[in-house]
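A.B. asks: Residues per chain are reported as follows:
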Amino acid sequence: VGAGYAIFALGFGLLFSTLKVLNIAAGMYAALPAVAVWYLSDLRHWPFAVAIVAGLAAGIVVAVVVDALAFAPLRRRNVGMLGSLITSIGVWFVLGSVADNITQFQVERYPIGSVPRGFLSLGIVTIAPTALVQLVAAVVIAFSLHIFVRRSRTGSAIRAVGYSEVSAALSGVNVNRIVLITTGVSASILAVAGILIAGTSNNVSHALGDSLLFKGFAAMVIGGMGDVRGCLIAGLGIGVAEVMIAQYISTDFRDAITYGLLLLVLVVRPTGIFSERQTTRA
Amino acid sequence: MKSARCVLATLVASFLVLGLGACGPSPSSNSPSSSGGASLAAGDYKIGFEGMQTGTFAATGMQISQGGQFAVDTINATGYLGKGVKLSMELRDSAGDPAKAIAAFNDLKRQNVSGVVCCAISAIAGALKPVAVAAKFPVVVAGAGLPGIAQAPYVNRINPLLSTPGGYDVAVKKVLKANPSVKSAALVYTKDSDGSVADAASMEKELIADGVKVKKYSVLSKDTDMSGLATQIMAEKPDMLIQSTLTPVLILLVKALRERGFTGVDFGNKGGATDSMYKLGGTDIEGMLMPVEYDQSSTDPTAKAFTQAWTAKFGSPPNVFHAEGYAGVYMLAQALKDSGDGTPEHVTDALAKIKTMNTVYGPMTVSDGQAFFAGTGLVIVKWKNGKIVPWQA
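Those sequence lines, one after another, are chains P and L.
Under my numbering, the residue at position 127 of the first sequence is numbered 127, and the numbers go up by one with no gaps.
Remember, my numbering sits 282 above the position in the second sequence when you count from 1.
Please keep in mind that the hints were generated in silico from the structure rather than gathered at the bench.
Please note that the accuracy of each hint is not assured.
To be verified - No more than 20 Å apart at the CA atoms, straight line, and that leaves these computed lysine to any residue pairs for SDA-like:
hint, chain 1, residue 1, chain 2, residue 2
1, L, Lys586, L, Ser598
2, L, Lys382, L, Gly408
3, L, Lys391, L, Gly364
4, L, Lys473, P, Ser250
5, L, Lys561, P, Thr103
6, L, Lys473, P, Tyr248
7, L, Lys498, P, Ile257
8, L, Lys495, L, Ser463
9, L, Lys519, P, Met244
10, L, Lys666, L, Gly564
11, L, Lys382, L, Asn394
12, L, Lys487, L, Thr513
13, L, Lys669, L, Arg542
14, L, Lys519, P, Ala128
15, L, Lys561, P, Leu43
16, L, Lys459, L, Trp673
17, L, Lys504, P, Tyr259
18, L, Lys561, P, Ser250
19, L, Lys637, L, Lys495
20, L, Lys561, P, Tyr110
21, L, Lys504, P, Asp252
22, L, Lys497, P, Ile245
To be verified - Here are some chain L residues the structure puts well away from chain P; computed CB gaps all over 12 Å:
hint, residue
23, Gly325
24, Gly366
25, Ser649
Claimed, not checked - What the simulated footprint calls covered on chain L by chain P, stretch by stretch (three residues with Cβ under 8 Å from a Cβ of chain P suffice, anywhere in the stretch; the number is not a length):
hint, region
26, 435-449
27, 490-502
Being a predicted model, the structure only gives us computed values, none of them experimental.
The beta-carbon is built from N, C-alpha and C at its ideal position, and this holds for glycine as well.
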């Protein structure tokens, strides 16, 4: 569970820390690629692997187009975070309607046989293959993103734009190009989160994005907005906490404790538990 | 050849429609016991239908409204309301939102409908009830399971409460009797659905009465990842899973448990008895026991006629949600027929006089606006090779 939240938080955090948009539509950036994979593999009978690639591509295209149509004009007018937030709510509804109409308001699942079932026994640990893939994906994405953001020239430019678009532009950074790259990278990470979780939970629907959005947002805030290591640890932590709370306390308190933790972090350390390095870096 | 097939199909459809008129909800079989027998003046009449066409529960809402529209078509085809009477249905979307449902209700009233069929979920029914009572406007609830919704003469409910005789008292006992080794049960319910909570309380009461140790788990209707809950349930090793949850949680949890090797008794609910849920659950939900009010293999004349006519038109049998819309419209149509003029005031009076009905759920009695099983009560069905079949203990 937590690996999915972590992957989502990584994409969401990158989007937020660089573009300064609390993009509520990010949940749909995860759900729509999953819907596309289902549509292409189940209804159009494309090979599952091809459908996954197409779903990822669709997710990136949707995010880039949405940014160009909805958020870029706001950035140009320097509307600020509130205007972007309201716009993203509108985008959320539009993309949700698209997902609903493709699935005909049903909850769908990937074709039978396309997702491995059962459990793997790894020594003392028993784990579902889908959960293992999700966990490995979370670690690989976090590591790659960390290297990309901290060690590459483009990563430096992304951090510069995240700190100040004006300063970055004055330093010779092509801000529009960096925004495009950030949107694409974020969208691809969010798409991976959606596609993987849809396979693990047998749920391809608009609701997939809503649930990811709230838990992924909590992971991003707790971990430190834009901090790769923090998002990974917080996402996994929330997933583990959810299961443990349900197991040893009550399912009734599951969400209350997750969001209580979010509130606590906001009060005690608003920048997130692991945000120190990011602040220094910026 | 093609035209010959068309003629044959038309003849078969006509026969079935006539058959429905003969043995279905006909004036003789469906009239309220205390009806004055007034006939409806010729003309066009409208009823309102508040359905969920978008939103989380749209899939269910669309099936219920499809059942309602089929009832209207059948009523017109069979002349159920009398000579020269044509019925139409104004459909409004509540999107599962109580505020939108109230707006839809007010809009329907402005359209001069004779009454409104509504409320697949308890949240909508709970919101509309005081509005309908204050407006003194006739409403028939079809679907929502929260106790206390009916308030005669304005708010009537055609679907029986599952906490009343013939409901879970029958179904749970049957299953436990057939599975005497069941000593512990995991009871999962949707805590943000009042109807689910009420049904869960009823299930728990029956389980405890039979000496079963119950552990309760709650989910939210928006929950989609069942892996954590499934792991938690598996750790407790219950003999039985019993769910008062909404779809898709119902199916997703069963799938997650099956993947983890759960082999106990699986007691679900009517939400699983639709083709779309079978598509989602596949073979994992084969064997899940589903207590339903309407059974497509029922030999009850009204249910049988409905099943045959629907199958002839759509090529596959109806499900329990289609039946809900159908039953709701027929209850309102019966009152409309007995009202004499179709005004909401007289329809309300006629609804108050309905004491018995033959419905697709079998024979029912009506008391203070609430329908109760008068026949066998809930029927348990299950999926077998992609088809719904009656469960034999």
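A.B. asks: Decide, hint by hint, whether the structure agrees.
C.D. replies: Each hint tested on the structure:
{"no.": "1", "hint": "L/Lys586 x L/Ser598", "in the structure": "14 Å, holds"}
{"no.": "2", "hint": "L/Lys382 x L/Gly408", "in the structure": "13 Å, holds"}
{"no.": "3", "hint": "L/Lys391 x L/Gly364", "in the structure": "24 Å, violated"}
{"no.": "4", "hint": "L/Lys473 x P/Ser250", "in the structure": "13 Å, holds"}
{"no.": "5", "hint": "L/Lys561 x P/Thr103", "in the structure": "13 Å, holds"}
{"no.": "6", "hint": "L/Lys473 x P/Tyr248", "in the structure": "19 Å, holds"}
{"no.": "7", "hint": "L/Lys498 x P/Ile257", "in the structure": "19 Å, holds"}
{"no.": "8", "hint": "L/Lys495 x L/Ser463", "in the structure": "12 Å, holds"}
{"no.": "9", "hint": "L/Lys519 x P/Met244", "in the structure": "17 Å, holds"}
{"no.": "10", "hint": "L/Lys666 x L/Gly564", "in the structure": "10 Å, holds"}
{"no.": "11", "hint": "L/Lys382 x L/Asn394", "in the structure": "19 Å, holds"}
{"no.": "12", "hint": "L/Lys487 x L/Thr513", "in the structure": "26 Å, violated"}
{"no.": "13", "hint": "L/Lys669 x L/Arg542", "in the structure": "25 Å, violated"}
{"no.": "14", "hint": "L/Lys519 x P/Ala128", "in the structure": "19 Å, holds"}
{"no.": "15", "hint": "L/Lys561 x P/Leu43", "in the structure": "13 Å, holds"}
{"no.": "16", "hint": "L/Lys459 x L/Trp673", "in the structure": "13 Å, holds"}
{"no.": "17", "hint": "L/Lys504 x P/Tyr259", "in the structure": "16 Å, holds"}
{"no.": "18", "hint": "L/Lys561 x P/Ser250", "in the structure": "32 Å, violated"}
{"no.": "19", "hint": "L/Lys637 x L/Lys495", "in the structure": "39 Å, violated"}
{"no.": "20", "hint": "L/Lys561 x P/Tyr110", "in the structure": "10 Å, holds"}
{"no.": "21", "hint": "L/Lys504 x P/Asp252", "in the structure": "14 Å, holds"}
{"no.": "22", "hint": "L/Lys497 x P/Ile245", "in the structure": "15 Å, holds"}
{"no.": "23", "hint": "Gly325", "in the structure": "36 Å, holds"}
{"no.": "24", "hint": "Gly366", "in the structure": "38 Å, holds"}
{"no.": "25", "hint": "Ser649", "in the structure": "35 Å, holds"}
{"no.": "26", "hint": "435-449", "in the structure": "violated (count 0)"}
{"no.": "27", "hint": "490-502", "in the structure": "holds (count 4)"}
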